[in-house]
Structure formats: structure tokens, C-alpha cells
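Fit chain B to the given chain A structure using the hints.
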Amino acid sequence: EPEVTQTPSHQVTQMGQEVILRCVPISNHLYFYWYRQILGQKVEFLVSFYNNEISEKSEIFDDQFSVERPDGSNFTLKIRSTKLEDSAMYFCASTEGGLRSPLHFGNGTRLTVT
Amino acid sequence: RKEVEQDPGPFNVPEGATVAFNCTYSNSASQSFFWYRQDCRKEPKLLMSVYSSGNEDGRFTAQLNRASQYISLLIRDSKLSDSATYLCVAVSSNTGKLIFGQGTTLQVKP
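Keeping their order, the protein sequence lines are chains A and B.
Numbering (this note's numbering) for the first sequence: 2 to 115.
Numbering (this note's numbering) for the second sequence: 424 to 533.
Fair warning: there could be bad hints in the mix.
What the hints assert, rightly or not - Calculated lysine-lysine pairs in the BS3-like style (CA-CA distance at most 30 Å, straight line):
1. 43/A to 468/B
2. 532/B to 79/A
3. 502/B to 79/A
4. 58/A to 532/B
5. 43/A to 425/B
6. 532/B to 84/A
7. 58/A to 502/B
Said to hold, decoys possible - Covered by chain A, per the in silico footprint, the following chain B stretches (three or more residues, Cβ under 8 Å):
8. 468-475
9. 522-528
Simulated from the structure, these hints should not be mistaken for laboratory data.
Backbone N, C-alpha and C fix where the C-beta goes; we use that ideal spot for every residue, glycine too.
Excised from the complex, chain A in its bound form:
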């Protein structure tokens, strides 16, 4: 069964550094998402991406964050200057689209900012 893949599985970085989290969505999917989950808290929406542009973003997704689909397969999340509070699990997800299409999640990147 096709799956969403994310790399790396764990990223440790120092405060102020830039990180890029990578995702390869399922190949025939058209909608891509990033969610994050701080330890012990709920899964939070960050951004959705369709047709090579952001379709929606949350208040969490400020100017420090950006997303890109540099080629036909990868979907990246960049955090320009990491803060301690960015430490979380970041999940990439994709879907075919439509209100009845569930999201398929990658197994996440654990980001630790020290």
C-alpha cells in the first residue's frame, strides 16, 4: 500500500538554526498538509497546499515557516529560525481531495530544539 514518507525521523537543532523537514506524499494525491503535535497535546493544523500554492494556514504558521514543492515528489517544511517552542512532532499528510477523502499521515519527524 502506498504511504507518505518523511525524513529525517528525528532532527536535533540549536535555537536560531534553520531546519528543513522533508516529505514524499502519495503519488496520486493532490492535497498536502503539515500538522504538528507538541508532546502530550493535540494534533494542530499548520498549512495546506494545493496546486503549488498554500490554500490555508493557521496562526501558528507565521513568517518563520515556509513550504515548498520543489519537484514532482517532495514537499518540504522549512523553519527559518527555530525556537524552543518549535520542538514537536511534525506530521506530513496527503489526500486525493474531496470532503470524504481521509488524510494519510507520514510517520513524522521529531524536532528537538535545544
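Okay, now just chain B, sitting in the frame of chain A:
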């Protein structure tokens, strides 16, 4: 009011028990709902889709009550392997964005 609200639990039940979780949503325009299961430090995995009044899959039954704006998940004959956090999800009919509840933790004990 939170967009999707769940009782966080934890629910501690013995093997073989029947357990039910409720979830309420605030946006009456939401059309589609899902239940996801999340194991500790893992990604959410789809458990069931809920479109009309409900859905059944083996030991799992999901029901939707649009008038009261809640969704329920019933697990019959609980197994140890059912121990996890169960996430209620509503789809925003405006954007298609999935809104997650905080999750309900289930611990099934021998």
C-alpha cells in the same frame, strides 16, 4: 467553544469490555468525520470514516448525530491492542481542512 471536543479520559477498561467515546463539533456545516487511532509517539492512522448516520467495521461502530452535533465510537469486546488514543476529526466543509479533537486515551487491561 473548541471546534472539536473530546473527553480526554483516560478510560481504563478490562479486556472484553464495551467502551464508548463521544465527540462534539461546533461547526454545523461539517459534512465528513473520521476516527483516527494514535499510538504513543506515532502518526495518526485512519480507523473509520463517518459520513451519514454511521458506520460499522467489525468490533467498531461509529455513529453521527447531526442534530446534536456529536459523533460516537463504540468498541466492543476490547482487546489489549486497542489501547491507544482515539482522535475525533471533523472536516471543514469550507476548506476541506481536518480539525482534530484532543483525543481520548483508552487503556485496556488484562
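Each hint, compared with the structure:
1. 43/A to 468/B: Holds, because 15 Å separates the two Cα atoms, which is no more than 30 Å.
2. 532/B to 79/A: violated, 42 Å
3. 502/B to 79/A: Since the Cα atoms of residue 502/B and residue 79/A sit roughly 41 Å apart, the hinted pair is violated (cutoff 30 Å).
4. 58/A to 532/B: Violated. Residue 58/A to residue 532/B sits at ~40 Å, over the 30 Å cutoff.
5. 43/A to 425/B: Given pair residue 43/A, residue 425/B holds - Cα atoms ~12 Å apart, limit 30 Å.
6. 532/B to 84/A: violated, 39 Å
7. 58/A to 502/B: Status violated; Cα separation ~39 Å.
8. 468-475: This one holds; 4 residues, not fewer than the three required, reach chain A with a Cβ under 8 Å.
9. 522-528: holds (count 5)
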